[in-house]
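Trainee: Residues per chain are reported as follows:
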Amino acid sequence: MDGAQALIRTLDDLGIEYVFGYSGGAALPIFDALETVDSKIKFVLARHEQGATHMADGYARATGKPAVVLVTSGPGAGNTITGIMTAQMDSIPMIVVCGQQVTWMLGLDAFQEADIFGITIPIVKHNYLVRETNAIPRIAREAYHIATTGRPGPVLIDIPKNISQSPFNGDLDAPMDLPGYHPDESYIIDPEPVEQAALLINLAKKPVILAGHGAMISGAENELMELATKMNSPVTSTLLGKGVFPEDHPLSLGMLGMHGTAYANKAMVECDLIVNIGSRFDDRIIGQADKFGAQAKIIHIDIDPSEMNKMIRPDIEVIGDAKAVLKALNSQVEERTNESWIESMDGYKKKYPLAYKKQGGLRMQQVLDEIYELTNGDAIVTTDVGQHQMWAAQFYKNSKSYKWISSGGAGTMGFGFPSAIGAQFACPDQTVIAVCGDGGFQMTLCELATAVIHKLPIKILVLNNHYLGMVRQWQELFFDNRESGVDLEGNPDFVKLAEAYGAKGINIKRPADVGKKLEEALAYNDGPVLINAECIKADNVFPMIPAGAALEDMLTEPPKYKMEKPVGST
Amino acid sequence: MAHTIKTTDKKPTPKADIIGGHTLSMYVTNQPGVLMRICQVFARRAYNIDSVVVSQGRDPAFSRLTLGISGDPAGLDQIIKQCNKLIDVIHCSEHTSSEAVVRELALIKVKLDSTEKRTELLQIVEHFGGKTVDLTEVSMVVRIEGASDKVDAAIRLLVNYDIIETVRTGKVVMARGEQPT
Ligand SMILES: Cc1ncc(C[n+]2csc(CCOP(=O)(O)OP(=O)(O)O)c2C)c(N)n1
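Which chain is which? The protein sequence lines are L and G, in order.
Residue numbering for the first sequence follows this note's numbering, starting at 1 and increasing by one per position.
Residue numbering for the second sequence follows this note's numbering, starting at 1001 and increasing by one per position.
Here chain L stands alone, though its shape is the one from the complex (with noise of 0.2 Å):
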């Protein structure tokens, strides 16, 4: 056996169920590893490594497990960057196995060398350089133990090609070395700020719970509704956070932020209590942070001790996994109605309501609306990043956790189709549904042959403007119209390119055909079809808070007047 065959029995061993990867010299080891081993994992040869890392990226969205990506080294360890940034800044679990230059001409600019394990430092959990071949059992179970405890996120592991193929003769199942590393204290909790946090929530009469990412990666919707329920609390989720609360529940508020219901930050700025469970107060929900829930009290709750006080100061903080918390927390909180305080809420409901003209062209919203409707939004739906995504968002209500993959903290454009492959993979008898733009479904569509040969039944709706619509708005909105590099011209027939792949293509130009194209599209499982909506050109999210600015001045409506540039963030 050498190194490389005791690395993949290794990840057979943990259990990894997928590699999703990209050949060449220095991985020359691994790729044979995976042939010559008797294993259970299944390759999946990706048309570039981006596209490899974000199948891994849906794979992990869609089960909570992690997926492995294998590439070489030099160029094909450069090109994963982007989808292991991604996985880093939504707590993604992901092992990236890279081949590497021999280690005696490491330092010397040799072919295809690159410092991917200083260059990644920045962007991973954690990462590895292994310098032994005896090591490499036990450096896979310390990447896969890191990567899926604790706050979750993508671990790196560069193998020198001479380290992948000398002898191994050590011990497979060598122990872990990790001494700095204690996700198990996540969970004993600290009664005392538990107890001054039911304190608080049994006073508040205006309570909003905040349910973000951290809440559905514990695993904590029996304990947040239970909390919800008998607080009666309005919830509203992050982006990540969509589904881990039923967003059809009355309770729901939505999603909240930037492009959030207006419901859902009207609460933040009239509630008297933020429960926030597992969301890292990220700037594009808060807005202004120093005028963010200025008004209440906030508890907040993380497994990860440095989110605590980063962005905003809580009242109570409570360091520990949120479901561990949950439960210690529920049995102190006493029944509430809160009548009032939902009323008003009710209120803002009917008075904001997520609406759309039918008339004056096709808009994305109405596509978004009508698929929701026919797949009873059971659906697992992934999206790229722009206009689109946010309608995806406030259209596509969730029920479920797991079945919403978006790139939140990075807004990484050509997510959307790859991970939708991850997730199809993973969940083979879902429907799956990549919502994409025209702009970022162009920057990872060479996957369509790896969707097209695994005959997966992935439905891609290309909401296609024209555009890249979201920075249109904010050249509309924030620079007087003056359209800077957002045309696209020159976009393909998508219906004839996916064609060219060998996948079905479906158009949709006229508001009246949605949907019974999408029902044929829905129909049709024998591998991916791609739908393509003709939509209106320039067309504006709303609501809005424009970056950096305070929720409360969030613009329901186009603006009457013109607006200051964003200068709080980007």
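Read the hints as simulated data drawn from the structure, not as lab findings.
Beta carbons are placed, not taken as given, at the ideal position from N, Cα and C, and that holds for glycine.
Derived pair list, reagent style DSS-like, types lysine-lysine, alpha-carbon separation capped at 27 Å:
| id | chain 1 | residue 1 | chain 2 | residue 2 |
| --- | --- | --- | --- | --- |
| 1 | G | Lys1081 | L | Lys310 |
| 2 | L | Lys327 | G | Lys1081 |
| 3 | L | Lys65 | G | Lys1085 |
| 4 | G | Lys1085 | L | Lys327 |
| 5 | L | Lys297 | G | Lys1081 |
| 6 | L | Lys42 | L | Lys455 |
A few chain G positions that, by computed beta-carbon distances, are all more than 10 Å from chain L:
| id | residue |
| --- | --- |
| 7 | Ala1046 |
| 8 | Val1054 |
| 9 | Pro1060 |
| 10 | Pro1073 |
| 11 | Ser1097 |
| 12 | Ser1098 |
| 13 | Lys1111 |
| 14 | Lys1131 |
| 15 | Asp1134 |
| 16 | Ser1139 |
| 17 | Asp1149 |
| 18 | Lys1150 |
With the hints as your guide, set chain G with the ligand onto chain L.
Mentor: Just chain G with the ligand, lined up with the frame of chain L:
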């Protein structure tokens, strides 16, 4: 003939707080790249590392790091948490001089052009409990050891002579009493 000695000492009057506002002590695993991870935590948040002392721990699997840093004090708490979050960091904490022993060592090379100067210099060195560790007709290297402000004070006096260069180790810190650092 006149010696031309090039001086590399660009700081004529060192300020008392030359080594910065905060002292952090870290215990980390002894592996390649660990320092890089730590430095990136500081650089990304616009903190300057004024001094860094690293040495192997008593257990060679670990290293002890003492960092003197300057930057917005409001962000210090965040920095410490980010350091603690690194897998390779066993612990990281701040130490104030009242609760910890802080020491550093400086080597100072001074130009000598007269016997009077030499005598004066030797008096200063003796006052600070320092030592002459190298002596030629034209130069002298003195060693001063102690708390950073003592080293600062010695340098302030020596500046009146021709300093060719100074090298400071940067501070090392240890908590007072039985408390571990
Ligand atoms: C890789 C990358 N490059 C640039 C951006 C900046 N950006 C954010 S949204 C957007 C426009 C997206 O256009 P499109 O994919 O057509 O979607 P639309 O907004 O029109 O729905 C751009 C360029 C980004 N988020 N990611």
